[in-house]
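Each chain, letter by letter, is given below.
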Amino acid sequence: MRKLIISLLVLCLIASPLLAQGGTEKAASEAEPVTLTVLWFNDGNESDIFMETMQDYLAEHPNIKIDLQIVAFADYQQKLKMLISGGNPPDVARMATADLTALINQALPIEDYTDTSVLEPQFMESMMAYAYNPEGKIVALPTEATANGMLVNKTAFKNAGIDVDELSKTWSWTDWEEAAKKVIAANPNLKYGLPVDFTPHRFSTIMYQFGGHFLNSDQTAMEFNNPGTIKCLKWFKDMHDQNLIPKSVWMGSENPAELFQAGIVACHIGGSWNVNTYKKNITSFEWGAVQMPAGDMRSSVPGGKLIASFKGCAHPQEAVDFMIAFADKAHSGKYDKQTLNLSSRVDSDIQYDSNASDFTVFTNELKVTPAYTANEWKNPNLSKVTGYAKEQIVQYLMGNIDVETCVRNVDAKGADFFK
Amino acid sequence: MTKFKKGTRQFWIPYLFLLPNVLIFALFVIIPAIQGLAMSFTDHGIFTEPKFVGFANFVELFHDEVFWITFKNTLVYSFLTVIMLVAVSLLLALLLSKSTVKFEKGFRAAFYIPSLLSMITVGIAWRFILGDEMGIINYFLRSLGGNGVPWLTDGTYAMLSVIMVTVWTYAGYYMLIFISGLQAIPGELYEAAKVDGASPWYSFRKITIPLLAPTTLVVSILATINAFKAYELITTMTKGGPGYATKFIVQQVYQVAFAEDRMGYASAMSIILMLMIGAFTVFQFAANRRGSDNE
Amino acid sequence: MNKQVKTEIGKTILVAILAILTLFPIIWVVLSSFKPQSELFQIPMSFFPRTWTLENYSESLGRGDFLLYFRNSLVVSVVSTAITVLINTMAGYALAKFVFPGRNITFTIMLATLMIPLQVIMIPIFLQLKRFGLLNTLWGIIIPPAATPTGVFLARQYMTTLPDSLIEAARMDGGGEDFIFIKVILPMSKPIVATIAIFSFMWRWNDYLWPLIVISKSRKQTIQQALAGFVGQLQINWSNLLAMTTITILPVIIVFLAFQNFFMQGVTAGAVKG
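Protein chains in written order, with the working numbering: chain A, 1149 to 1567; chain B, 0 to 294; chain C, 632 to 905.
Calculated from the structure, these hints are not laboratory results.
Fair warning: this is a prediction, and the values are worked out from it, not measured in the lab.
Treat the hints with care, as some may be off.
[Claimed, not checked] Across the chosen pairs, the derived CB separations fall in these ranges:
| no. | chain 1 | residue 1 | chain 2 | residue 2 | range |
| --- | --- | --- | --- | --- | --- |
| 1 | A | R1556 | B | F282 | 32 to 42 Å |
| 2 | B | E48 | A | Y1280 | 24 to 34 Å |
| 3 | A | N1253 | B | E59 | 17 to 27 Å |
| 4 | B | E59 | A | N1548 | 14 to 24 Å |
| 5 | C | R802 | B | L90 | 38 to 48 Å |
| 6 | A | T1347 | B | F46 | 18 to 28 Å |
| 7 | C | F679 | B | E48 | 57 to 67 Å |
Even glycine gets a Cβ: it sits at the ideal position worked out from N, Cα and C.
Using the sequences and the hints given, assemble the complete structure.
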């Protein structure tokens, strides 16, 4: 037994050099070696492409090292909040628009470290909208843009005798419904018209198309209770009741992208990020992006990722320089091209290796998207209520409450935050 | 049992043995726990200064509809899970403790392996099986001409699915504890009972159950505590859905604390959760003691 | 005779069916890790891979970090287990064999804290670890979780069954308390030591929340953190996830099989006396 204890202690001693390095910085030498902590989340292999893209920058700045930590998206915001409130914010972090919105006051205004007037005009307005904090200062730079949109199983439509590319140029949701029913009838293995991702963001795409909104016009209060939203909710429930939309997504945890890949649904309201996966996985039918049907109007919802730094981080100047480099035309172009994302830069001229037409469709959707959609989504109070709103929509879909109660509940909850 | 007199040097011996464990625990769990729970009396966003509000959070909790739904769900889930876990693991133990089954050790291992997996793995594996369109069971049923079962898309079924998966995960773990308990019961007692003409069922009732009581207590307490804290498994499988059907308190705590940015309120919820678990535990200790008093 | 054989066969068949059903999901995960990602969502669904491929494995292992995370998890699990076994048995011994003021309260508080979901106290823990300089160190995920109440609970239960007479005898022979613990108690507690070791290894290997709180430097991450990273915002990286999950299960199973005999005995004695 004594031998055992001694060997355990020896093991501990041997292991301790491995264990104890708490990230000490080397002593300052000529070019002040700097290690930037970068927080990142992945959907596929974005982190690999990111590092690849920035290799030349790191080569030009040999004193800069990157410590890249990948955190699961589900815990990303919590991790950031913990690090920031604990006094250890990362130097740089990849931010989804929702997370940036929640942390907008903690993000670092970059004007202290660079000339922002040069930067601003380089990016699309709808994406830059997310990068301003309440004082109007820029705290982030857009790196990728995403657009919500519709992907369709072209083979299935063909089997029903419909040229979906033509039809989609002018269709409304009513036209869509008609077409979907024909497609389902013509394809024995196909069961549903359209799954919608189980997120308030995707739902809002259709909501905006029906003329609805979340907030009142000066963003002082929640106004989920409005004719457009109610019309949309009723339509949404009707589609579920008719089984044109599978119940298992919003009322289960089925993944719409999986359903689409399996060929059981005719369309999918997802977004530009699905292109990459579908390209890899779908081999049994022809697919592509088409214009979304119009409700009262056409709309998408802009989204994307930005790169930000935080107040109190260890190396703000190097962080900001790094951010600017990653977001510049050369780097973000290369990154967006290889991750198959849309660019958020005005001057982008990305030639995608494949699926160029699909990306054109998505870009066009963004072009017709009104600015207020982005403005709503960048409101930090809205982000606190969307989880609850999603739950109330489900209650309505399940038939547990009626549509008036649903919207009123959401507005009441909003009142807690829009004080 | 040793009892050292106060004032002697030896008095400190037991404290010294306890010290490393208690010290670490106090520093890294108890103190943060007290700090965390103390927040329940404040209104506290993660980046804002805490503002003392007394019992306001608890009053608000009283009227919080969503909270009570999760409260009820947690109770139902925990109650049913513990009962099923005790029953199933006991059944397995009875089958696998008397060497009447071939390959006994191998089977024991098979049932134990699920508990070794991380909850993310379990959640993913079961989604592949119970998924509505993409799940293996429904696919099989439909190919035979039947309808799929709404495992994860109907409220009641979803609750049952989650309970079933929890039992699948831990039955083997508690089975092992029961096996040891069973093996500690002297075989002579059963022999004597048989000689007296007792039926197997009678032996089970009068010998096995009473002598197994202490083991049953350990199992049910550990199972209860773990059931009330269930989080990862549920979120991976159902995300709390459909609707609120499988949303439990811990999930709500997480959402309120981080998404809604109300740490104080979330902390108040945790206190209610602790009280619930505490009540169940005390009840089980009492029931167990009363049971053994009756011998 | 016939009836007994029939019951035996019946029981064996029943157990076999249950065992296969139990292992089914795990086998599914392992088999799926050998399928190309496109096959995962094809209908009709496949159980055995239509196309066997190692691309999921080569892709995940090809990233040099994987081995690093594996090593981190291994180091953490082993060292933490060593510490856990030591301090849990010490604490269990004190609670089992001594009468002293504060004995019951200590035990109760330990059990009570088991009831607090860690998510709630994430930030206070973070700050506390920061105060002690344990952030971003492997020690930070080795030491704090080592003081497991469950381990103390099990040790205590087991040690109450050890005969006092041996302890008395050793004292009368002039043995010091440390001598008694090391030379008398621990040797007789091998089964529960093995039990706590297996449980502790499993808990630390599967830990997710502690590393999430403590580790913010890539080189100190553990395997569970890496696994979770494959579940993205908009889609799941199934190929990497399934392959790495399969690899991650193996060490725990190996440790279990290796310790199985000790384990069975240990769980026995630990749980019987209430």
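Against the structure, the hints:
1. The hinted window of 32 to 42 Å between A:R1556 and B:F282 holds, with their beta carbons roughly 40 Å apart.
2. In this structure, B:E48 and A:Y1280 meet the distance hint of 24 to 34 Å, their C-beta atoms being roughly 25 Å apart.
3. Distance hint check: the CB atoms of A:N1253 and B:E59 are about 25 Å apart, consistent with the given range 17 to 27 Å.
4. In this structure the supplied range 14 to 24 Å holds for B:E59 paired with A:N1548, their Cβ-Cβ distance being about 23 Å.
5. With their beta carbons about 45 Å apart, C:R802 and B:L90 fall inside the hinted range of 38 to 48 Å.
6. Taking the beta carbon of each, A:T1347 and B:F46 are about 25 Å apart, inside 18 to 28 Å as hinted.
7. Taking the beta carbon of each, C:F679 and B:E48 are about 60 Å apart, inside 57 to 67 Å as hinted.
Consistency with the previously given hints is maintained throughout, with no hint failing.
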